[in-house]
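> Construct the complete structure from the given sequences, taking the supplied hints into account.
Going down the list, the protein sequences come from chains A and B. 1 is the number of the first residue of the first sequence in full-length UniProt numbering; add one for each residue after it. 1 is the number of the first residue of the second sequence in full-length UniProt numbering; add one for each residue after it.
Check before you lean on any hint, since a few could be wrong.
What the hints assert, rightly or not - Pairwise CB distance ranges (calculated):
1) A:G80 to B:P211: 51 to 61 Å
2) B:L121 to A:V246: 25 to 35 Å
3) B:S240 to A:R316: 43 to 53 Å
4) A:L57 to B:P211: 38 to 48 Å
5) B:L212 to A:L35: 18 to 28 Å
6) B:L121 to A:T71: 32 to 42 Å
7) A:G80 to B:R214: 51 to 61 Å
Since the hints were made in silico from the structure, they are not lab data. All C-beta atoms in this analysis are idealised placements derived from N, C-alpha and C, irrespective of residue type, glycine included.
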Amino acid sequence: MALTTAPDPTRRGPGSDRAHAERRGPGRFRHSEGLAGYVFLSPWLIGLMGVTAIPMLLSLYLSFTNYDILTPFSEVEWVGLANYERMFTADPSYWHAVRVTLTFALIAVPLKLAAALGVALLLNRAWRGVGLFRGLFYLPSLLGGSVALAIVWVNMFNRDGAFNSLLSLFGITGKPWVNDPDWALETLMVLAIWQFGAPMVIFLAGLKQVPTELYEAASVDGAGRFRQFRNVTLPMLSPVIFFNLVLETINGFQGFTAAFVLSNGTGGPVDSTLMYTLNLYITGFTDLNMGYASAMAWVFLLAIAVITAIFFSTGRFWVHYSDGEDR
Amino acid sequence: MVTVTPTTAAPTAAPPTARRRPGGRPVLRLVILVAIVVVVLYPLIWMVGTSLKSQEEIVNNVGLLPERFTPGNYTAGWSNFDVSFGRFFLNSAMVSLLTVVGNGLSCLLAAYAFARLRFRLRGMWFAVMIGTLLLPQHVLIVPQYILFRTLGLVGGDWPYLPLLIPQFLATEAFFVFLMVQFMRGVPRELDEAARIDGAGPFGIFRHIILPLSRPALVTTAIFSFIWTWNDFFRQLVFLSQLEDYTVPVALTLFIDSTSQSAVGPMFAMSVLSLLPVFLFFVAFQRMLVEGINTSGIKG
Chain A
1 MALTTAPDPT
11 RRGPGSDRAH
21 AERRGPGRFR
31 HSEGLAGYVF
41 LSPWLIGLMG
51 VTAIPMLLSL
61 YLSFTNYDIL
71 TPFSEVEWVG
81 LANYERMFTA
91 DPSYWHAVRV
101 TLTFALIAVP
111 LKLAAALGVA
121 LLLNRAWRGV
131 GLFRGLFYLP
141 SLLGGSVALA
151 IVWVNMFNRD
161 GAFNSLLSLF
171 GITGKPWVND
181 PDWALETLMV
191 LAIWQFGAPM
201 VIFLAGLKQV
211 PTELYEAASV
221 DGAGRFRQFR
231 NVTLPMLSPV
241 IFFNLVLETI
251 NGFQGFTAAF
261 VLSNGTGGPV
271 DSTLMYTLNL
281 YITGFTDLNM
291 GYASAMAWVF
301 LLAIAVITAI
311 FFSTGRFWVH
321 YSDGEDR
Chain B
1 MVTVTPTTAA
11 PTAAPPTARR
21 RPGGRPVLRL
31 VILVAIVVVV
41 LYPLIWMVGT
51 SLKSQEEIVN
61 NVGLLPERFT
71 PGNYTAGWSN
81 FDVSFGRFFL
91 NSAMVSLLTV
101 VGNGLSCLLA
111 AYAFARLRFR
121 LRGMWFAVMI
131 GTLLLPQHVL
141 IVPQYILFRT
151 LGLVGGDWPY
161 LPLLIPQFLA
171 TEAFFVFLMV
181 QFMRGVPREL
191 DEAARIDGAG
201 PFGIFRHIIL
211 PLSRPALVTT
221 AIFSFIWTWN
231 DFFRQLVFLS
241 QLEDYTVPVA
251 LTLFIDSTSQ
261 SAVGPMFAMS
271 VLSLLPVFLF
281 FVAFQRMLVE
291 GINTSGIKG
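Rendered as structure tokens:
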């Protein structure tokens, strides 16, 4: 510890020197730097305009039209708020998709994070082989989002799949889970939870930051393992929990691939896997109802923004930053 | 940071185990971890096992591994459609590798501007870039499709342009952010030294930042490749001709043919499609696990 703090004062030396040099730095350089800034930024700026900003505005405009890809732009009809009205009042399958997506996120995300945190706690000590476990647990996060793995998953939870053969070992007769409207979405949740490795790695990095002294102090005060977890680990880890929660929730809302594969692009059985993005895809690219799909996209964007804002405003009450004022 | 020296006056009443960090007894913990490994790896092993089973065994033997290893599914799957899977793999490899090049180049340029150069409105542009981090691609897909189609690029002579153009324009804000964070760690004194030697912003980029950013470039390259290789949504939307299909889009063709006989070939091609990602995992395991995931909180 002394070793790491020692160089600090010396490091401050060149730093203030630099600030000094910058303040009276040669004017020519400053000028060329401003130009160079935009030269280096130009690909990104073009991308921002052409691939992000203009399409977003176009999408906003289209959301007030009945545009389908087949009619030329000159004949597009302005329909006002009709798309939004239809979405909120006259489209049961839209609300069904909202419900499916919320159900998926509300169940899969907390379970995934709980699994990630639990395994991270088991791995949070230096011992031989910990790297191997960490790697193996991370592997599903790399593979799980692919079509190939979704295919495997669907077959695993099918009538003759591996899951049912496992159940039969215990004398339970399974069913084709992926064809059952009551269970199809659950199999997708299990697939999401299976990919707990990515948040787990982030938890592990967070756990390393918790000072050992705090545990020592807590155990001196007579805190058992559970109270240490509750009063030391959880508060110290809350920024990382928050980070993971925001990230995984937003990811959870966007689940598409596995639902597409399970239902062959329909959202079935009986719309039970009709995730929001899948519904948007069907509306825009199967039914070619692109005006309506644009309205859905904008509501989706606003919903994500609102949910993120809610996370950040409630985060004040339970996220503790150790260098902040709440300590 | 305040250093607390472990006190020598530790209470003798406390049992030695109390000083341990949470995590349980070693043996119990190992048993739990091995059990989780089994659950985690089971689907993958089952996938490989099934891909090596004969048609009979797929129906009758639900076990993890085949009794007799039969590679027939691989040859059957490879030529299951009118276009061979070799073509799909070439298409996927081309899209993924060009994405790697595009992301590496364009994100590095943008990151250098954000991390090192001072220009008007930099703060605002940086905030905009951070804002696009959380922008779901599903929101942009409809208007992007319309734009690229209007430009005649969808289903054109070379149908991959709509997939690749955004990647050459630094639209993956995540990589820009990653590189900015990395460049902030490069000592400014090096810039100063180069500047005294007469280097301008371009010289500093060329001789200082570019060579020193190699680790960030490698991380970006690996994740660009894996994400593009696995990506399905954009490729599904923009590719319509069978001979242009990438591997993920081609794999969905198997789902259409629901017959039981397609399961073996379908699994074989699924295994093959995951192989490049798996090899990346084996080669760069440490970096993958520690590199990108923690970059968000280290910064």
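> So does L121 of chain B sit 25 to 35 Å from V246 of chain A, Cβ to Cβ?
holds, 27 Å
> Lying within 43 to 53 Å: is that true of the beta-carbon distance S240 of chain B to R316 of chain A?
holds, 49 Å
> Kindly confirm whether 51 to 61 Å is satisfied by the beta carbon distance between G80 of chain A and R214 of chain B.
holds, 54 Å
> Given the hint of 18 to 28 Å, check if L212 of chain B and L35 of chain A actually sit that far apart at their C-beta atoms.
holds, 23 Å
> Honestly, do L121 of chain B and T71 of chain A meet the 32 to 42 Å range at C-beta?
About 39 Å separates the Cβ atoms of L121 of chain B and T71 of chain A, which means 32 to 42 Å holds.
> Confirm or reject the claim that G80 of chain A and P211 of chain B have a C-beta distance inside 51 to 61 Å.
holds, 57 Å
> Using the C-beta atoms of L57 of chain A and P211 of chain B, is the stated range 38 to 48 Å upheld?
holds, 40 Å
When held up to the earlier numbered hints, the structure conflicts with none and fits them all.
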